[in-house]
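Using the sequences and the accompanying hints, generate a full structural model.
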Amino acid sequence: MRFLMMWYPDQPGAERPPDPEYMERMDRFVAAEMEAGVLLATGGLLPTSMGGATITARGGKFMVTDGPFTESKEMIAGFAIINVASLDEAVEAARRFTGIAGEGECGIRQIIGGPDNL
Amino acid sequence: MAASETHRAIDAVWRIESAKLIAGLVRVVRDVGLAEDLAQDALVAALKQWPESGVPVNPGAWLMAVAKRRAVDLVRRNVMLERKHEELARDLELQQAAVPDHDAVLDDHVGDDLLRLMFTACHPVLSTEARVALTLRLLGGLTTEEIARGFLVPEPTVAQRIVRAKRTLSAARVPFEVPHGTELEERISSVLGVIYLIFNEGYSATAGDDWIRPSLCEEALRLGRILAGLMPNEPEVHGLVALMEIQASRAGARVGPNGEPVLLLDQNRARWDQLLIRRGLAALERAQQLGGALGPYSLQAAIAACHARARTAGETDWGRIAALYDALAELMPSPVVKLNRAVAIAMAFGPAAGLELVDELTELPALKSYHLLPSVRGDLLAKLARFSEARDEFQRAASLTRNERERRLLLERVTACDSLATSVPGVG
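Chains as they are written, first to last, in this note's numbering: chain A, 1 to 118; chain B, 1 to 428.
There may be inaccurate statements among the hints.
Stated by the list, open to error - Over 10 Å on every C-beta distance to chain A, these chain B residues come out as not near it, computed from the model:
#: 1; residue: ASP31
#: 2; residue: ALA171
#: 3; residue: SER189
#: 4; residue: ASN233
#: 5; residue: PRO257
#: 6; residue: ASN258
#: 7; residue: GLY292
#: 8; residue: ALA293
#: 9; residue: SER334
#: 10; residue: ASN340
#: 11; residue: HIS371
#: 12; residue: THR401
#: 13; residue: SER423
Claimed, not checked - With the Cβ distance kept under 7 Å, some of the chain B side facing chain A (calculated, not the full set):
#: 14; residue: ASP11
#: 15; residue: ALA12
#: 16; residue: ARG70
#: 17; residue: ARG222
#: 18; residue: ARG225
#: 19; residue: ILE226
#: 20; residue: GLY229
#: 21; residue: GLY252
#: 22; residue: ARG320
Because the hints were derived from the structure by calculation, they are not lab data.
Backbone N, C-alpha and C fix where the C-beta goes; we use that ideal spot for every residue, glycine too.
Here it is, written out as structure tokens:
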């Protein structure tokens with residue numbers, strides 16, 4: 001089954017580039033998860049102060065709100081799509097990720113469909 | 001963390017770490033069965049300790065440390081018992097001496113160990129069933145019960161297969177290594193064959209089956225992706241991964257709302273999984289970039305890619321597919337490949353050209369009771385407006401298929417041919 005993981009760090013610090021040691025650890029982790037056949041796609045997101053918008057479609061109206069946003073739910077700093085056998089495995093992957101990424105929240109949602117979801 | 005939560009975490013850690021753990025241990029103790037026992041011991045220790053201490057920061061290293069300690073104890077004990085057997089004792093002492101370095105060595109060799117374990121589990125000394133069971137058990141971390149459910153066989157059968165396989169590997173003194181030279185190609189194809197067999201078993205599962213069956217697809221994909229990471233220069237490994245990714249991309253479209261199978265050309269392409277398609281096309285590109293003539297998996301992937309690239313069924317490049325089937329039929333002159341080639345040629349160059357080739361296949365004993373042969377022949381005859389002949393072929397196909405839904409579809413075509421045959425007097 002596949003999961004979308006969303007990372008909401010307690011201290012979104014992407015305005016400045018992360019230090020090289022952190023980058024190296026994260027790169028190693030990402031490479032290992034790719035090689036393990038677990039990680040299908042991943043990416044980091046720029047802070048909303050550097051772009052991004054919210055689109056609202058409601059009542060036949062379409063509205064665009066540019067960033068920055070201050071609500072924490074807008075502070076997704078990264079995402080990953082992983083392929084594992086169970087939610088428990090996804091939780092374990094998140095545990096390992098936070099071991100590197102630091103404090104914050106990781107949202108895990110199962111993606112509908114996929115080869116084992118006929 | 002609540003105890004039940006810890007147990008769930010342990011299950012997950014086991015699924016993630018067991019293959020690496022067992023692979024690392026085989027390197028130390030040189031016996032697959034013993035390595036698995038030691039890994040299980042470590043798991044039992046985790047089940048005892050982690051609910052109190054919490055899941056360690058690096059659970060894989062924790063499990064390995066415990067298992068290794070047991071291994072050293074065991075080696076020491078064996079040295080005592082087997083002192084008379086000088087040769088063995090020397091061996092064991094050597095291993096023992098090597099053990100302290102294994103922390104460092106293991107980190108560097110995880111990939112190599114996994115690769116060795118794959119080749120060992122798929123060794124030709126084992127039957128195909130044993131290779132499959134052992135691969136799922138050692139590399140997939142599946143339980144015997146899960147494997148049995150996945151392959152619709154009784155659990156004791158699988159358990160026995162695994163026990164016997166481990167014994168066979170010991171008795172045959174199968175070395176724990178990646179083969180090289182001329183042996184490599186043949187051995188790779190055994191590994192790829194096992195992975196694809198697991199994939200197909202999952203792919204053939206239908207709605208309502210035990211969830212474990214379709215999940216075999218994902219397991220095979222995972223193993224294929226790992227293998228591609230470990231053997232990046234083997235084009236057929238990427239070919240197989242490409243084939244599986246692209247086939248898997250259609251999972252959501254190949255079954256209709258009532259569970260009926262939907263044929264490739266009738267599928268709603270919006271439901272094809274673009275992420276898997278992209279991954280599949282990328283893997284195929286890697287296979288092609290490595291050069292040389294495409295192998296059977298890469299060719300099948302290239303055919304699948306033609307479908308994946310076409311936005312509508314009408315845009316399918318049948319000329320290219322026919323050419324790829326030509327090449328595939330050279331490598332794998334199986335009747336089924338020939339039949340598929342005939343279909344592709346019919347699509348590219350018209351039903352008459354296809355029918356000519358299909359007619360050459362009707363006498364093959366291997367296809368005597370294969371329902372797709374009369375089904376294809378009926379389809380081509382119908383396209384040529386030879387309805388009464390087509391009708392007989394659909395009837396025959398209906399009597400041969402074991403799939404109830406398919407039979408219904410074929411019988412509908414019989415009826416359709418009947419009415420067309422009467423409405424076009426003088427034809428058919």
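Quick rundown of the hints versus the structure:
| no. | hint | verdict |
| --- | --- | --- |
| 1 | ASP31 | holds, 25 Å |
| 2 | ALA171 | holds, 32 Å |
| 3 | SER189 | holds, 20 Å |
| 4 | ASN233 | holds, 15 Å |
| 5 | PRO257 | holds, 12 Å |
| 6 | ASN258 | holds, 13 Å |
| 7 | GLY292 | holds, 24 Å |
| 8 | ALA293 | holds, 27 Å |
| 9 | SER334 | holds, 25 Å |
| 10 | ASN340 | holds, 22 Å |
| 11 | HIS371 | holds, 22 Å |
| 12 | THR401 | holds, 20 Å |
| 13 | SER423 | holds, 39 Å |
| 14 | ASP11 | holds, 6 Å |
| 15 | ALA12 | holds, 4 Å |
| 16 | ARG70 | violated, 24 Å |
| 17 | ARG222 | holds, 4 Å |
| 18 | ARG225 | holds, 3 Å |
| 19 | ILE226 | holds, 5 Å |
| 20 | GLY229 | holds, 4 Å |
| 21 | GLY252 | holds, 4 Å |
| 22 | ARG320 | violated, 26 Å |
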